[in-house]
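Novice: Using UniProt numbering, read the sequence shown as starting at 1 and increasing by one per residue.
Hints were generated in silico from the structure; no laboratory data involved. Since this is a predicted model, take the numbers as computed values, not measurements. Please note that a few of the clues may not be correct.
The calculated label-pair distances, taken between Cβ atoms and stated as ranges, are [stated by the list, open to error]:
1. 16 <-> 37: 32 to 38 Å
2. 33 <-> 11: 29 to 35 Å
3. 13 <-> 33: 34 to 40 Å
4. 4 <-> 25: 16 to 22 Å
5. 37 <-> 13: 27 to 33 Å
6. 14 <-> 37: 16 to 22 Å
Idealized CB from N, CA, C, for every residue including glycine.
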Amino acid sequence: MLFSLQVYYRFNCFRSKTGFNCSDEFIIGIKNKYFERGILIKIYGKKVRNL
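Work out the full structure, taking the sequences as your base and the hints as a guide.
Specialist: This is the structure in structure tokens:
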């Protein structure tokens, strides 16, 4: 193959005063011999409150 497609997925949760703030992150990267490019796509979820 001349180039490869790589997809990374991360799920982050941050604790805040109102509860947890969670976000989904997708990183799509195209890589070959000559160049390397990455696209970061962030999808923010709703805040989850403490019960």
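Novice: So, for every hint listed, does it hold in this structure?
Specialist: For each hint, the structure was consulted:
no.: 1; hint: 16 <-> 37: 32 to 38 Å; in the structure: holds (33 Å)
no.: 2; hint: 33 <-> 11: 29 to 35 Å; in the structure: holds (32 Å)
no.: 3; hint: 13 <-> 33: 34 to 40 Å; in the structure: holds (38 Å)
no.: 4; hint: 4 <-> 25: 16 to 22 Å; in the structure: holds (20 Å)
no.: 5; hint: 37 <-> 13: 27 to 33 Å; in the structure: holds (28 Å)
no.: 6; hint: 14 <-> 37: 16 to 22 Å; in the structure: violated (28 Å)
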